[in-house]
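In order, the protein sequence lines correspond to chains A and B. Going by my numbering, the first residue of the first sequence is number 886, and it counts up by one from there. Going by my numbering, the first residue of the second sequence is number 8, and it counts up by one from there.
You may find that some hints are simply not true.
[Said to hold, decoys possible] Derived pair list, reagent style EDC-like, types lysine to aspartate or glutamate, alpha-carbon separation capped at 20 angstroms: (1) A:931 to B:359; (2) A:892 to B:305; (3) B:325 to B:341.
[Said to hold, decoys possible] Label pairs and their computed distance ranges (CB to CB): (4) A:979 to B:446: 53 to 59 angstroms; (5) B:266 to A:982: 38 to 44 angstroms; (6) B:36 to A:1019: 41 to 47 angstroms; (7) B:350 to A:1177: 41 to 47 angstroms; (8) A:1177 to B:255: 36 to 42 angstroms; (9) B:319 to A:1245: 36 to 42 angstroms; (10) B:346 to A:982: 40 to 46 angstroms.
[What the hints assert, rightly or not] Facing chain A, according to a computed beta carbon distance under 10 angstroms, are these residues of chain B, among others: (11) 51; (12) 56; (13) 172.
Since the hints were derived computationally from the structure, they do not count as laboratory data. Computed from a predicted model, the values in this text were never measured in an experiment. Cβ atoms here follow ideal geometry from the backbone N, Cα and C, with glycine treated the same way.
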Amino acid sequence: MLDKIKKYSWLIDSLMEAKWSTKKEVVHNFLNAKKKYVPKEKTNAKVGDILKCALCPNMCRFDCPVARVGNSEALTPAAKSRIAYLMEMGEIDFSGEFVDLMYKCAGCDASREWCPFDFSVEDLLVGVREDIVDKGLAPKALLELKDKLEKNHQIYDQSLIPPDTEAEKARILYFMGCTARAKVPDVVNTNIKLLEKSGLDFATIPDEWCCGAPLSTLGFKDSFYKFAEHNSRLINKSKCRTLVCDCPECAYVFRELYPKIGFRLKAEILPMNQFLLRLVEENKIKPAGLQGEFVYHDPCALSRKLNVCSAPRELLKSIPGLELKETYFSHRETRCCGMGGMLGITNPEISSKIGESRISELKEVCSNIVTACPTCELAFKNANKDKKVKVYDISEVLLKSLEK
Amino acid sequence: MNTPEKGYGVVYRPKKKLSEKKRKTVFKRLCDIVGPENFSDKEIDKIIYSRDFWPIALRWMLERKVPALPDCVVWPENTKQISDILKLANEESIPVVPFGEASGVLGGMIPVKGGILVDLKRMNKILKINDKDLTVTAQPGLNLMELERLLNKEGYTMGHSPQSIYCSSLGGNLATRAAGQFSTKYGKIDDMLISLEAVLPQGEVIRSKTVPKSSTGPRIDKMMLGSEGTLGIITEATLKIWPYPEKKELLSYAFEGMESGLECIRKILRRGIFPAVIRLYDEKETAFRFYQTGKAKDKCLLVLVLQGDKELVELETKVSQDVCRKHEGIECGEGPVIHWFETRFNVKEASDFAPREIIFDTIEVSVTWDKSIELYNSMISAMENVNGVIVAFAHASHFYPQGVCFYFIFGGTPVKGAEPNEFYTSVWDAAMRSCLDAGGSISHHHGIGLMRARWLGEELGQSFEILKKIKKSLDPKNIMNPGKMGL
Ligand SMILES: Cc1cc2nc3c(=O)[nH]c(=O)nc-3n(C[C@H](O)[C@H](O)[C@H](O)COP(=O)(O)OP(=O)(O)OC[C@H]3O[C@@H](n4cnc5c(N)ncnc54)[C@H](O)[C@@H]3O)c2cc1C
Ligand code: SF4
Ligand code: SF4
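One chain only, chain A, in its complex shape (with noise of 0.2 angstroms):
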């Protein structure tokens, strides 16, 4: 409080000094005037915070991967709340272009890095898309894709790995992730080779649903909810003490968000690079040596979301001959892989652009680019056109080190 003050004595000093009617009318804007600015009704968009972000000039644009790519200027952030604003305050209509920008955003946070609100843009447009959910105007394309997740509990069509059926009473529980499972099963079959190499009494989830990352980003707040309540009823229920993500974005969202709607897992939730540096802390499993430069590519969940940028590079320096290699943009200062926030589902071409400008940035260092989430691992296995260069998982390095 006292800081606060000190903070504002300028502007006290000044009012003390102003005249009295002036004096006034700046204590009468200030307690009064915003509520003009906002809608009248109760709306689940932060139209408070959108519109600081509409009047602010746009301060984290040159990092936005969608702007980068896009070279539009309604793709910039702030440009995104000033449509958002228009539509929350009735200006303009829900419809069309202006519906469809509020699902370009990569949900990388990158912005946030550089934003003096520290606003999450993805947080923002999450609020809006869950307006359009309520009036029942959202795009065919999501509305089915949704359906489809509540009827599967899958995001992709197939699951190529079961999960286990006898997880009870294991500690130490592996949550796989749906795009893992469906799309890159090796990373699946790598960890749990490495978590069988360690002796540790581990197991996945039976029934193991996608953690709702889809759903929230999406806008489908009830259906977030359900999945929300079947993945922690289950994980609470059981023995299990840590709960292992591959998926750093999986990772965030029962650390973040599940609470926020009510749903606390009582397990200590890691992402599996952290996990596994333990283990080799812990000596449980011993890298042999692996030669070759590998360059690390920080995952936008991972790094700013969870604020992960040291164990998977000491997970790395601890392999024997394997030298690390980084990108001028990298920790929390990375760049994103353009598969985050839905966003190869609902604006594949902007994400395959993103996709491409990184991996030719990894490109520049070497020739063999190390990940620790398999949505980036998809997102660069899909824009290595030309196959020059080889994508790993980081699990997938460490297990080649032990095999040697």
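Given the coordinates of chain A, work out where chain B with the ligands should sit on it, guided by the hints.
Same frame as chain A, now just chain B with the ligands:
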């Protein structure tokens, strides 16, 4: 002005509207020039390309208005396309407005007469970094931070770091003659420019030679600097760069008043020392930004950053410290400078205060040393005397052996009965009047745009008539950014 019941109003509506037939043929021809993927006449783009960061335009947003709508937006990919666009616009007498990243603060890119908005974003590459010559050649749509990060990656800096480095383009900076916060050492963008390419209003392309200096008549290319889109479109530029600084020293001192602080800075420069950053805040702004620095309470804080070659920086630091001590500056250490670095991009005033009906704006002017303190005092009191102004303070931030730039900030609220627009204009009127009376120049680096146009004639005198003649001969149909700079 039109403010419908539902929907948004438009402040500037062009008197002459394009006929439907003409619109169709022009749009078709534009698509042929740039390709359909680089053309849009969608409402969403028209809304987004309707304003820059002019505070009154931000106000209009709260009042459910957009300033002005272009007829269409194009994203050219090369100089030839731009030349063809301008030829077409001339043939059809359609306005053309160049667009960088809309961080301009005076309404420069607002398409007040509609027309074709030319966004340069898709010309955003670095074409060449020349290590031996220490130059970079780049396209105008390149974002400045992108440029600086790519230079840093290769071991250089351009030394051009305006507060809008995150949100402005190279072309926009050249077109407004912008100044970075490290300008006392590295110069303003005008000083950095070596050569450029531009398309003039009737489609002619000019290209100057990349040489350090020549004596070959007046420099036509330099006319593009500060022309704010009224004389053509800058399509490429070669600029000076520097090796990334080896060493940085951060110093800060508190002074009894602006006069003693300014005197100290003048003496540092007189010794031939050019710290990259020099910023002297008056008492009120010191209280606003450095309230944690106890030693600076009720004083004026001076921030110095010296950077470059290690040995030179050491010497410059020593001399600067001596001069500061001699002028009774109270040493405040690195802390306030680190704080400045950490907060210099926290641009929050418009977002925090506009919805509370409090209007903030900045006014930057320049003046020679002999008139500096009088100008500072008279501009502050002129602004304070306007009904509704709560605060008016300033810092001095770009320095020369001959003088200084003052950067004023005012905040206030229209008192009962007054329109926000009226209030805002009356503060500007008072500030500009007192600046001209005190012998200053009405703009140091933000430019003219819409807001300052009224004073440009008085500022330039007969030269303004010559500027008009030049404009008329290059752009007889006045297609390039009409209505700006009083042209
Ligand atoms: C938060 C903030 C901080 C700022 N700090 C500074 C500062 O420290 N120093 C400073 O000098 N300014 C500053 N400004 C002002 C602004 O950033 C500059 O005026 C900048 O040069 C504008 O660049 P832009 O790319 O955004 O141009 P825009 O706003 O898009 O355009 C500016 C003008 O230039 C014209 N134009 C744009 N591109 C071209 C081109 N290629 N050829 C011809 N004409 C063109 C436009 O038509 C318009 O008239 C600041 C602004 C903000 C919002
Ligand atoms: S989250 Fe990523 S994609 Fe979305 S606005 Fe921010 S930077 Fe852009
Ligand atoms: S996210 Fe933050 S920095 Fe980016 S435009 Fe919005 S308010 Fe500005």
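Hints, one by one, checked against the model:
no., hint, verdict
1, A:931 to B:359, "holds, 15 angstroms"
2, A:892 to B:305, "holds, 14 angstroms"
3, B:325 to B:341, "holds, 15 angstroms"
4, A:979 to B:446: 53 to 59 angstroms, "holds, 55 angstroms"
5, B:266 to A:982: 38 to 44 angstroms, "violated, 57 angstroms"
6, B:36 to A:1019: 41 to 47 angstroms, "holds, 44 angstroms"
7, B:350 to A:1177: 41 to 47 angstroms, "holds, 43 angstroms"
8, A:1177 to B:255: 36 to 42 angstroms, "holds, 37 angstroms"
9, B:319 to A:1245: 36 to 42 angstroms, "holds, 38 angstroms"
10, B:346 to A:982: 40 to 46 angstroms, "holds, 43 angstroms"
11, 51, "holds, 5 angstroms"
12, 56, "holds, 6 angstroms"
13, 172, "holds, 8 angstroms"
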